[in-house]
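Number of protein chains: 2
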Amino acid sequence: MAETPGKQLHLTAFMRPVSLHTGAWRYPGSYPDANFSLKHLKSFIQKLEAAKFDAFFMADHLAVLNMPVEALKRSHTVTSFEPFTLLSALSQVTERIGLAATASTTYDEPYHIARRFASLDHLSDGRAAWNIVTTGNPESAKNFGRDEHMDHSDRYKRAREFYDVVTGLWDSFADDAFVRDVESGTFVEPEKIHTLNHVGDELKVKGPLNIARPVQGWPVIVQAGQSEPGRQLAAETAEVVFCSPRDLPAAKALYDDIKGRAKAAGRNPDHINILPAALFIIGDTVEEAQQKRLKLDSLVHYDSAISSLSIALGTDASGFDPDKPLPKDLPETNASKTSREGTIKLGEKEDLTVRQLASRLGGQGGLAFLGPPDKIADELEVWLREGGADGFTVTFPYLPQGLDDVVERLVPELQRRGLFRKDYEGTTLREHLGLPRPENRFFTKTT
Amino acid sequence: MAETPGKQLHLTAFMRPVSLHTGAWRYPGSYPDANFSLKHLKSFIQKLEAAKFDAFFMADHLAVLNMPVEALKRSHTVTSFEPFTLLSALSQVTERIGLAATASTTYDEPYHIARRFASLDHLSDGRAAWNIVTTGNPESAKNFGRDEHMDHSDRYKRAREFYDVVTGLWDSFADDAFVRDVESGTFVEPEKIHTLNHVGDELKVKGPLNIARPVQGWPVIVQAGQSEPGRQLAAETAEVVFCSPRDLPAAKALYDDIKGRAKAAGRNPDHINILPAALFIIGDTVEEAQQKRLKLDSLVHYDSAISSLSIALGTDASGFDPDKPLPKDLPETNASKTSREGTIKLGEKEDLTVRQLASRLGGQGGLAFLGPPDKIADELEVWLREGGADGFTVTFPYLPQGLDDVVERLVPELQRRGLFRKDYEGTTLREHLGLPRPENRFFTKTT
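Chains as they are written, first to last, in the UniProt record's numbering: chain A, 1 to 447; chain B, 1 to 447.
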């Protein structure tokens, strides 16, 4: 296919230092010590920048005990660097790639969040993004003085107000507030400082923020919600939506729904990039890629895997024969129907044993693209053209090889087809994503 | 004086990007834009590292409106980078110098604080320090949902408990907890993870922390308290005390008091470094240095300066003749006696006009060493030998020149006398400061 001037994909890398997959630290050639080795993280982000990825996106957790101890002892996923300190460090070894940090609206203060993202945005010359999460894991509550986790709708209510406060604090100073006039002695013009004085149902914050307006006006807003309030919050506020549809029809439905809600909320739907999360495994053939995945899944310890399967089915799976398919006579349970039926269907479709199915769920389930670069490029092109995605939130099966395969084999194929940039055109993450710089709600630009 | 193998000074640089002095951004050759220019900060810290300073120490504020608007418009001191994001970035352009961040026990959560300092310590290979502050400024409360500031004794009570929780969280993992045994699939040994389960008067935190034990065991603990509860908290917990005595006799009394309290609390007094804060102005002569200071003070706008003088005297000073000495018949007021009498004495001693006195207070008062390097080195040696200090928290009048003068002229003189290191001997901040790595209270080291 010749290079076309049409729409291009956006690609962000969704990362944990060793990989999101719980078996990945045991995969041959991986770096089991990457959680506390900045050297590895530097090399990952520098490769992603050389491949012109839009952003490096760090997943996060606020607790260790979010899994049974038998799973915890096998897992590399929750004990690592804190996102702001990590991304600030990485901002100094990169120049263009975006830096997205996860931060919770349930267990932090808007003044701190606004300030840290503004600071990261200044330190990186306009590359920060905030992944707004409401923190679903009830164990986190116990690390922050609460016995009970805030319920789902209260968390989303607070999140919506939190967003208003944070963006309001980012607008504390007009872009031209700091005049620094040595002669007169005026450093900042008081009439260009806005005191927010927010008093709402959940939050009370005076302001102003003690940092100049971010380089990007506001750091880019990222969100992952798939639930009803999650979709609505995303439609009203997000500029990048990170979602988990199972297949293209589901993706198209979600895409249309969120863009429709955004339009209804008075937003330009082009200013929301919908980037489904997907695992990418490159092989010379589809079969080779599938073998890599089976091998990776097999590295998830059975103790961890079987508990994931039990949760998905809503029934204790530990008595099933691990080397046979799922029993046919599974009881009806209280598990979510989608989760239960999806799991059964997955087992049938890929002809998986209980062990393989459990390992898939205990490792990393969900959408995956497997095979040679040209086949995957064909598929991504269909997703882009048919309105299933504006790009992808890329996850790698294992590091560094899984990342190297994507940047060395898949990205060049996408670039050849004109589906992905060959170089950054702007300097800020907003520019990479085709997003406008927000106006300051309190100050009109002086011309 | 020949090189002696005796006790050496410790030097930390207490920084705001433009300088702590409110007039500094107007001083010839300064960088008024340093608050948002990482380039300048990189050059400052790299010069300090080349001079073998123990640490780079970032002052912090949690509000803008901690001064009248007439002072605020003239001030560069409160709008800048957030400390963790800044120091993490600077950790990547330095290798040995310590990185001390201010963090509040009143307006943050122990889980976040423990996690960020641990992360900074890992990212910097053992160079982090936590300056524990209780946040004295009542305006900060309003940025964190409270109408009323917590009172002094409650803040110190919370700070003491907060310290126990943070250090307890740092001890969540034994140093050898992460075994990463690819063969067996054990990433971390559950019996080497401690769940804190803290329930106290002020805080309730479950744990464990989701990051490995810091490289230094615990980041170095810094504190500034001079009040009664501040001194006691420092004696019980601090490893570096940053204080503000007016002169050597006051410094000796404070030094003896804090070391005595530490001994009474069962600590080794050698494991508390007492580092008075002082302004250093180098000149070829004392007179030249004094002229530099007068010039710098004159750059503090009279609007800001006079309100500082009024506060210090406890009476409205705006009606005084700016070009004459303080009136003799000042009324008795409710201002702190120390502050009022100290101000009057300072005006008499240096024969200052109202304008000069106001500018001194509005700029940067307190202890200062002025003059040629050999004279200052003589003085510092006396302070060290007579037990007034273990070193100094150095503040620079203006940047970069005030810093260049110290590192290029004073430090070599101190090194020549054997009073300051010529090279770092260790790699961590604890090693620079002669501090032991704390034992993990929950796990005995396996040998």
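Hints listed in this document are in silico derivations from the structure and should not be mistaken for laboratory results. Hints may be right or wrong, so weigh each one.
Just so you know, same-sequence chains aren't split out, so a pair can sit in one copy or run between any two.
Said to hold, decoys possible - Taking lysine to aspartate or glutamate and the EDC-like style, the derived pairs with C-alpha atoms no more than 20 Å apart in a straight line are:
{"#": "1", "residue 1": "Lys157", "residue 2": "Glu431"}
{"#": "2", "residue 1": "Lys39", "residue 2": "Glu95"}
{"#": "3", "residue 1": "Lys204", "residue 2": "Glu148"}
{"#": "4", "residue 1": "Lys52", "residue 2": "Glu288"}
{"#": "5", "residue 1": "Lys252", "residue 2": "Asp378"}
{"#": "6", "residue 1": "Lys263", "residue 2": "Asp154"}
{"#": "7", "residue 1": "Lys328", "residue 2": "Asp351"}
{"#": "8", "residue 1": "Lys292", "residue 2": "Glu183"}
{"#": "9", "residue 1": "Lys295", "residue 2": "Asp181"}
{"#": "10", "residue 1": "Lys39", "residue 2": "Glu161"}
*Kindly indicate which numbered hints from before are broken by the structure, ordering the numbers from low to high.*
Violated hints (numbers, rising): 1, 4, 6 and 10; every other hint is consistent with the structure.
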